[in-house]
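Engineer: Sequence:
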Amino acid sequence: MGADVNGTGAEAAIYAKLVADRVDALTSWHHDWTGLRVAVLGLGVTGFSVADTLVELGSRVRVIYGAPDEEREQLLDVIGAERFAAADNAAQLADLEEFDPELVVVSPGYRPDHPLTTWAKGRGITVWGDIELGWRLRDKTGRIADWICITGTNGKTTTTQLTAHMLTAGGLRVTPAGNIGTPILDAMRDPQGYDAVVVELSSFQLDRLGEISPYASACLNIADDHLDWHGSAEAYRAAKAKVYEHTQVACVYNRADSATERMVEEADVVEGARAISFGLDTPPPSGFGIVEGILVDRGFHAERGTEAYELVTVDELAERGLAAPHMVQNVLAASALARSRGVEPAEIARAILSFQPDPHRAQLLGDVRGLVWIDDSKATNAHAADASLRAMHDVVWILGGQLKGVDIDELVRAHAIRLRGAVVIGIDREPVLAALREHLGERPVVEIDHAAVGVDGVMPAAVARALEIGQAGDTVLLSPAAASLDQFTGYGDRGRRFQAAVRELE
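Here the numbering used here is used: the first residue of the sequence shown is 776, the next is one more, and so on.
Treat the hints with care, as some may be off.
Unchecked claim - Taking CB as the label site, the calculated pair distances span:
id: 1; residue 1: Pro1060; residue 2: Glu1243; range: 33 to 41 Å
id: 2; residue 1: Gly1068; residue 2: Gln1131; range: 18 to 26 Å
id: 3; residue 1: Ala791; residue 2: Arg1278; range: 56 to 64 Å
id: 4; residue 1: Lys896; residue 2: Thr802; range: 16 to 24 Å
id: 5; residue 1: Asp1182; residue 2: Pro1134; range: 26 to 34 Å
id: 6; residue 1: Ala1093; residue 2: Asp1184; range: 27 to 35 Å
id: 7; residue 1: Ala1031; residue 2: Glu786; range: 29 to 37 Å
id: 8; residue 1: Asp1133; residue 2: Ala842; range: 47 to 55 Å
id: 9; residue 1: Glu1046; residue 2: Arg1278; range: 50 to 58 Å
id: 10; residue 1: Leu1140; residue 2: Ala1031; range: 26 to 34 Å
As the list claims (entries may be wrong) - With a straight-line cut-off of 25 Å between C-alpha atoms, the simulated DMTMM-like cross-links for lysine to aspartate or glutamate are:
id: 11; residue 1: Lys792; residue 2: Glu986
id: 12; residue 1: Lys915; residue 2: Asp870
id: 13; residue 1: Lys792; residue 2: Asp807
id: 14; residue 1: Lys1179; residue 2: Asp1032
id: 15; residue 1: Lys1179; residue 2: Asp1142
id: 16; residue 1: Lys1179; residue 2: Glu1122
id: 17; residue 1: Lys915; residue 2: Asp796
id: 18; residue 1: Lys896; residue 2: Asp1032
id: 19; residue 1: Lys915; residue 2: Glu877
id: 20; residue 1: Lys1179; residue 2: Glu1243
id: 21; residue 1: Lys915; residue 2: Asp888
id: 22; residue 1: Lys1179; residue 2: Glu1119
id: 23; residue 1: Lys1179; residue 2: Asp1203
id: 24; residue 1: Lys792; residue 2: Glu873
id: 25; residue 1: Lys896; residue 2: Glu872
id: 26; residue 1: Lys896; residue 2: Asp970
id: 27; residue 1: Lys1179; residue 2: Glu1041
id: 28; residue 1: Lys792; residue 2: Asp863
id: 29; residue 1: Lys792; residue 2: Asp852
id: 30; residue 1: Lys1179; residue 2: Glu1205
id: 31; residue 1: Lys1179; residue 2: Asp1231
id: 32; residue 1: Lys896; residue 2: Glu1009
id: 33; residue 1: Lys896; residue 2: Glu786
id: 34; residue 1: Lys1179; residue 2: Glu1046
id: 35; residue 1: Lys896; residue 2: Asp799
id: 36; residue 1: Lys1179; residue 2: Asp863
id: 37; residue 1: Lys896; residue 2: Glu907
id: 38; residue 1: Lys792; residue 2: Asp870
id: 39; residue 1: Lys896; residue 2: Asp870
id: 40; residue 1: Lys1179; residue 2: Asp1161
It should be emphasised that the hints constitute simulated quantities derived from the structure, not laboratory data.
Ideal placement from N, C-alpha and C gives every residue a C-beta, glycine not left out.
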């Protein structure tokens, strides 16, 4: 439509502004969503939850997506949502234009410069992510949950689970949600409601977060990741920093990562919100840390200038397989978040000592053929692999996959002294091989070409070659420092195949 200020262009602009104002005013489950035309982009678990919610509210919903999904397509038909599938953006855009939405809700994977979101913004159409929609609909029941929001390059899922576990130990009705796998809208629609929701937030979700106000928030760490999606390290960090905006009670940050402290310093928070640090050193007042092998809380003690609450010992964590440095940091961060919501130190201690981490997160598989085998398939970026490698020595490292635009040379250089050798898998092998050959000297570096062995043969081949390289007492570590979708259905599939190959050695 042309920009004729005296005719239809001006009228269209006025109409678009009226529609945008109506949409912006929808801040409650109990407002009138009836008849609102909403386009939902994407038919994954998030997209379906958005469609299901808005249909329940009476909106007219059309889901536009690429890959067919027979089960979810059938469910869309059952609930009464419209749908359109097309492999190319041009066909999707044509359908979006014809639908003429008043609101677009975008699944997390859509980049900021995606043609469909760019089209919508260019026409003044409101574009939300699922988190902003969830925040607006959090009052379905009278039991409105406090949101405890967690992000970071690594450790998000474990810390989210730990925090929820601690809050439950404190007698609260709690659920983890968001990027952890349970869509935020599924949590918001629970008929009983929750006292608190622990929301794991990816950088994609944070990029279009909207104005939410967490009870407490944390950025665990920050390192370059998803640069291909965000466009730059600065944009990635800016997205992560949004987690602290409008925090009500506690902004939890990592003392060893100055970037997270700067994020807190620069955040616009609710008056009275406190900065609470965590780290592996002796904590200052308003901090969590370690004193003489004991994890302590100096953040919420009435006499925090001179006293601290004792939580658990490092030895007790070691007995639970939770003593790796990055895991201890996760425990401290979760403890700070739980304490901010009133969970007592003794309740936190009980929760920590009953916690079982998910598979594929530095999971010890045992001693097989004289080597210790560890599945850290969840390490989908260099920062996560760095955390695992720091806790080990004499390592045969299995790595590789999709690097997502990140240079791996610094990671290899930093840990070359720990390596017995390396086995490289995945599509982006050349930069990995180049870095290893430069920094490992004469130590063995083996390449597994999936085109030669087939996808089903990648892990058996990698495990067999690692066994050849390793010496008695060494550790074989699958910590890919890369995403998995080039060869596997996800990091879980990659880890399960690794574990199956190790079991074949027994």
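Engineer: Is Lys792 close enough to Asp852, meaning Cα to Cα at most 25 Å?
Structural biologist: Distance of about 32 Å is beyond 25 Å: violated.
Engineer: With the threshold set at 25 Å, check whether the alpha-carbon distance from Lys1179 to Asp1161 stays at or below it.
Structural biologist: holds, 16 Å
Engineer: Would the pair Lys792 and Asp807 pass a check requiring their Cα atoms to be no farther apart than 25 Å?
Structural biologist: Roughly 18 Å between the alpha carbons, so the hint for Lys792 and Asp807 holds.
Engineer: Straight-line Cα separation of Lys1179 and Glu1119 no greater than 25 Å?
Structural biologist: With Cα atoms ~41 Å apart, Lys1179 and Glu1119 exceed 25 Å; violated.
Engineer: Are the Cα positions of Lys1179 and Asp1142 separated by 25 Å at most?
Structural biologist: violated, 33 Å
Engineer: Given the hint that Lys896 pairs with Asp970, does the C-alpha gap stay at or below 25 Å?
Structural biologist: Roughly 36 Å separates the two Cα atoms, so the pair is violated.
Engineer: Regarding the pair Lys896 and Glu872, is the alpha-carbon distance no greater than 25 Å?
Structural biologist: Roughly 12 Å separates the two Cα atoms, so the pair holds.
Engineer: Holds or violated: Lys896 and Asp1032, Cα atoms, limit 25 Å.
Structural biologist: It is violated: about 35 Å lies between the C-alpha atoms, which goes past 25 Å.
Engineer: Lys915 and Asp796: Cα distance at most 25 Å?
Structural biologist: Holds, at roughly 22 Å.
Engineer: Has the given pair, Lys896 with Glu907, been kept, meaning a C-alpha gap of at most 25 Å?
Structural biologist: Given that 25 Å is the threshold and the Cα spacing comes to 16 Å, the pair holds.
Engineer: Regarding the pair Lys1179 and Glu1205, is the alpha-carbon distance no greater than 25 Å?
Structural biologist: holds, 14 Å
Engineer: For a C-alpha distance cap of 25 Å, please report whether Lys1179 and Glu1046 respect it.
Structural biologist: Violated, because 39 Å separates the two Cα atoms, which is more than 25 Å.
Hints 1, 7, 8, 12, 15, 16, 18, 20, 21, 22, 26, 27, 28, 29 and 34 from the list above are not met by this structure, while the remaining hints are.
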